[in-house]
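S.K.: So the sequence lines, in the order shown, correspond to chains A and B.
When the letters of the first sequence are read in order and numbered with the numbering used here, they come out as residues -7 to 615.
When the letters of the second sequence are read in order and numbered with the numbering used here, they come out as residues -7 to 615.
Worth double-checking, as some hints may not be accurate.
For identical chains, the list gives no copy identity; a pair is met inside one copy or between any two copies.
Said to hold, decoys possible - Derived pair list, reagent style EDC-like, types lysine to aspartate or glutamate, alpha-carbon separation capped at 16 Å:
hint, residue 1, residue 2
1, Lys309, Glu198
2, Lys463, Asp605
3, Lys336, Glu315
4, Lys475, Glu296
5, Lys27, Glu174
6, Lys307, Asp385
7, Lys475, Asp385
8, Lys336, Glu218
9, Lys463, Asp525
10, Lys479, Asp542
11, Lys41, Glu177
12, Lys262, Glu457
13, Lys309, Asp385
14, Lys41, Asp605
15, Lys27, Asp525
16, Lys89, Asp525
17, Lys307, Glu388
18, Lys607, Asp559
19, Lys27, Glu197
20, Lys89, Glu575
21, Lys309, Glu391
22, Lys325, Asp508
23, Lys307, Glu391
Source of the hints: derived by calculation from the structure; they are not laboratory data.
There are 2 protein chains.
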Amino acid sequence: MKRNTYIENTQLDTARKNFLDRLHLEPKTEPIPVKEAAGRICAQAVYAKMSSPAYNAAAMDGIAVRSADTAAARPHAPVFLEEQDYENINTGQPLPKGYDAVIMIEDVVMEGEKARIHAAAAPFSHVRVIGEDIVETEMIIPSGHTIRPVDVGAMLAGGADTVTVIARPVVAILPTGTEIVERAEDMQTGKVLDSNSWMLAGLVEEAGGVPVRHRPVPDAYETIKEKVAELARTNDILLIGAGSSAGSKDFTRAVMEELGTVIRHGIAIKPGKPTVLGIIGQTPVIGIPGYPVSAYVSFREFVEPVLLELGGRRKYKQTLTAELSMDVTSSLKYAEYLRLRIGKVRGRYVATPMQTGAGVSMSLVRADGIGVIPQDTEGMHAGEPIDAVLVRDRAEIDETLVITGSHDVVLDIVGDYMPVSSTHVGSMGGILAMLSGQTVIAPVHLLDPATGEYNIPYVKKYLQEPMAIIKGVERTQGLMVQKGNPKNITGYEDLIREDIHFINRQSGAGTRVLLDYRLAQAGLEADKIRGYDNAVTTHMNVAQAVRAGDADTGLGAYSAALALGLDFLETDAESYDFLVRQEDLEDPRVKRFIRVLTSDAFLAEVQARGGYDTKHTGRVDLI
Amino acid sequence: MKRNTYIENTQLDTARKNFLDRLHLEPKTEPIPVKEAAGRICAQAVYAKMSSPAYNAAAMDGIAVRSADTAAARPHAPVFLEEQDYENINTGQPLPKGYDAVIMIEDVVMEGEKARIHAAAAPFSHVRVIGEDIVETEMIIPSGHTIRPVDVGAMLAGGADTVTVIARPVVAILPTGTEIVERAEDMQTGKVLDSNSWMLAGLVEEAGGVPVRHRPVPDAYETIKEKVAELARTNDILLIGAGSSAGSKDFTRAVMEELGTVIRHGIAIKPGKPTVLGIIGQTPVIGIPGYPVSAYVSFREFVEPVLLELGGRRKYKQTLTAELSMDVTSSLKYAEYLRLRIGKVRGRYVATPMQTGAGVSMSLVRADGIGVIPQDTEGMHAGEPIDAVLVRDRAEIDETLVITGSHDVVLDIVGDYMPVSSTHVGSMGGILAMLSGQTVIAPVHLLDPATGEYNIPYVKKYLQEPMAIIKGVERTQGLMVQKGNPKNITGYEDLIREDIHFINRQSGAGTRVLLDYRLAQAGLEADKIRGYDNAVTTHMNVAQAVRAGDADTGLGAYSAALALGLDFLETDAESYDFLVRQEDLEDPRVKRFIRVLTSDAFLAEVQARGGYDTKHTGRVDLI
């Protein structure tokens, strides 16, 4: 078993500085037509080759006159100009020889061919004088400037038809891995669909580079080496996807060492640690880790700075300081990147870290911002301020409805009608988030074992302020089983059978409260159930585990079973409702939420999922 | 003289509402490959077709084990796994049948073929379970979402290879005008170089549309009509450039009336009033006024909203509230658009309106933001807060050095080395801006007639706080005359000749102070000089007027005469210096300014202009 045994743990800033210091990045330049220059970076200041206007011109529609001829005109003592003493003129036309002013058409009364005027025209009044806009030799835009459409207009008006811009850096992206397939239809166990290289291509383009994505190469040292050597020769930057870790098939570092120099391998960041920073010839080469979030962090911290410098660009980050909604622990060894959901609750921003690994690309999709817990820190406490670099516009965040609590697919459907940020922490988690002022809406489905009533007893018990419930759906719950029910499960009493493996929901989830209630009713002991402690956080995860054969059954919503083609034993109907503060019923986001819940399109879509009763959906009950 | 006699003056919001209400804009959609979807707007929510990972996979490099086999392992009581009881596994590889956990390579000690472990592995530890990232049927992105590179990655990982997006609206741009030429080399008096259509094309692209710019058509009714009819049929939006006013060659409105409906002509905005809003068939058609700033305002207020709605896009504007630096008057009839220079001075934002007309495209290039004085308002007072929509990034504005005072071309050169925002109000204007806390740097060249000394006497007289002077350049001033000096001007005494027309600088300009000083010394009377009251605001404007023959001579800097190929009678050498508060010497922008002034590259560039002595440039003198 041959492995790269040593990966460093270099501090982020040190590693980046070592890398950039070594590169001697020199932007290349190229002349291009001004007409195609919007969005490019000006490399040499552009000076006007001609004035604009290029001659004295009428600034208004009217008549051209000699100002001296009009000097005597007064409101009650008009001057009449004969046909040969004025000329009709439109805006932009050159002032005819001998004339030095324009009188607006509105201020002229035509009497036959005579023009009657009631006010003197000052010299050059309503005349755009030569060079009024741009004077020949004047600087129009400086170097380093990002060319905008208005700059294109001004350059053309100033007679410039080419502009020297900084060339877009060409970035080769080379996915590696024998397991990589390119098309969804080629997927099978052991294969991985390439998605990182396309994400990287998009990020390169956003940062002003030209991405050239190559087909994946298998994990064969010589093949990789040959391709890397070629691409390092012909591109400005080379990114090698995956193969950067210490596994027996990880060749990136070795190839880079043979062809050039490895500057750093192993950075004290999480995720993103197994990044390799090197140089082959004059070309920066970066080994990008294989997990999507690692690849993303590695891009932002190492590729983007190189790309921006080589492209002459600056990036202005939108940042925001938010209040952390929960304690977060972090290793002293790494700077840790948190993907944060950020939302406005009671006038302040609340950031909820998504507790997910480097492999969860959906955490990038769902994140509003990225926060960093520095190296040498053990973590942060709930309520502490955290700085986030936003990945969504702040105005968009402001109008996003913050939802924290139990998950149901109806939340996804709502999200197709209005911007929502939903965090899935179970029903009790939702009540706690409401209690600590961290959510606007808390979806709950909590059965009170004492009364058999849903939700209201919990609200009364935990929350002191005036609350309301926006009715959600009546939802069919039950046991999901594999197609054809091979283990012949008929109800809760089968869960304690020795041959049955169960998959549970996390503690505090409404579905788990329901399970415990039913077990108690039936006199069944939880610790007799195999898998009672194996817990996942959504109905779909339960369905997935059952379909994959990791469990024989789990309790969850009918819609999830239906979506994954499982059989289903209906056991219960429960109320999945939305808890909200009464004062927040005036929040425009909540008003919009209620409009969505009661809209025909939304209701039709929910009913099509199966297992939902929507007769009260959207009704507001004050508690 | 046939003219369109009636242009309305409809209030902006009313006009826009009338227009949008009439259009029934329906975004079109199209399926495209996910790999090309970054930047596009999702038209239908995308759901995962497969789970990711698609199988249980190793989350770490290490060995796959059965967790039960490891249950007894303790730090001081290791367990040995035989060759057949584990398998080497790399990150991402599928967990082999029968195994349910992975132990990290760091935690395994190989003894021959046996693996020694010192801790129990929990079931599914270091395993990425099926669906951990994305669960089949899960919504990946909702409709209306702007697709980012991370979304592309997640969609691909979820097995989606096409996505239905909103089609980019196709926008035809048709310049009109017999006077329009397309190339700088075709320019001559009476001709106008087309630049607006290219600015509009860039703005369309920025707003998510596909611009199709057509060649200009001459002012001939039938030709325009034919082309407009064709383009309205084949595009989503049609913009007709110029011809929208009430001149005798303005056919836009009449053509639109014949082919379709004019909804509004004449909006209560300045600039931008002669905008025409109409519809031909189902296609929105907008007559865009010919002045560049009018065209810009018309685009932002009318074209962009249509384009965004048809393209399913939202635009998030960056705004900022700044303190107005001067009184601004405004007509009650119009909402007036101010192009503002905005800069940070003493910790707050100061906005200086650029006092220029609709024809000045450079005002758009130099603006930091656009502010609006509402209709039915007579203006605003200095010191009042004004809201600006930024056209430059706020972070960029923050690091821009605010310079207000006398203009010299050395300021343009500085602007090529660092971001500066320079407003040209003459030397006394600079001192007043300093006095009222509206500038960081005030360039001045003010001669004290009593002492013959430059600048310092003025600083001592007007400014009470501790000030400093950063030495600028010793500048050669003199009389600019046409090539060959046809009027045989030999000095100040010639200025009172009857055949000499003079062009002056504005009151408060250092050059005008110098002129008055020299006239007084020579006993010459200002009111004997023809053109003494004709004033322009820069050296280049003086040079331009002389070259164009609008004046025979004017006083100004040698560099300006040289740039425009004029002859020059040297009369004076003067100190052009930079006034700054002593406390602002610590401002990083001022430090950078001094570094630029003393850099070899900058000094070489200044010297190449001619007429400058740079021996003290960049020296700081405390006063």
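S.K.: With reference to the structure, classify each hint as holding or not holding.
M.R.: Checked hints:
| no. | hint | result |
| --- | --- | --- |
| 1 | Lys309 x Glu198 | within (13 Å within a copy, 19 Å between copies) |
| 2 | Lys463 x Asp605 | within (11 Å within a copy, 80 Å between copies) |
| 3 | Lys336 x Glu315 | within (10 Å within a copy, 29 Å between copies) |
| 4 | Lys475 x Glu296 | neither (48 Å within a copy, 53 Å between copies) |
| 5 | Lys27 x Glu174 | between (38 Å within a copy, 11 Å between copies) |
| 6 | Lys307 x Asp385 | both (15 Å within a copy, 10 Å between copies) |
| 7 | Lys475 x Asp385 | neither (44 Å within a copy, 57 Å between copies) |
| 8 | Lys336 x Glu218 | neither (52 Å within a copy, 54 Å between copies) |
| 9 | Lys463 x Asp525 | neither (31 Å within a copy, 77 Å between copies) |
| 10 | Lys479 x Asp542 | within (14 Å within a copy, 100 Å between copies) |
| 11 | Lys41 x Glu177 | between (58 Å within a copy, 11 Å between copies) |
| 12 | Lys262 x Glu457 | neither (41 Å within a copy, 52 Å between copies) |
| 13 | Lys309 x Asp385 | both (11 Å within a copy, 10 Å between copies) |
| 14 | Lys41 x Asp605 | neither (73 Å within a copy, 27 Å between copies) |
| 15 | Lys27 x Asp525 | neither (65 Å within a copy, 41 Å between copies) |
| 16 | Lys89 x Asp525 | neither (95 Å within a copy, 22 Å between copies) |
| 17 | Lys307 x Glu388 | between (20 Å within a copy, 10 Å between copies) |
| 18 | Lys607 x Asp559 | neither (26 Å within a copy, 89 Å between copies) |
| 19 | Lys27 x Glu197 | between (21 Å within a copy, 13 Å between copies) |
| 20 | Lys89 x Glu575 | neither (73 Å within a copy, 55 Å between copies) |
| 21 | Lys309 x Glu391 | between (20 Å within a copy, 14 Å between copies) |
| 22 | Lys325 x Asp508 | neither (41 Å within a copy, 73 Å between copies) |
| 23 | Lys307 x Glu391 | between (25 Å within a copy, 14 Å between copies) |
Comparing the model with each earlier hint shows violations of hints 4, 7, 8, 9, 12, 14, 15, 16, 18, 20 and 22; every other hint is respected.
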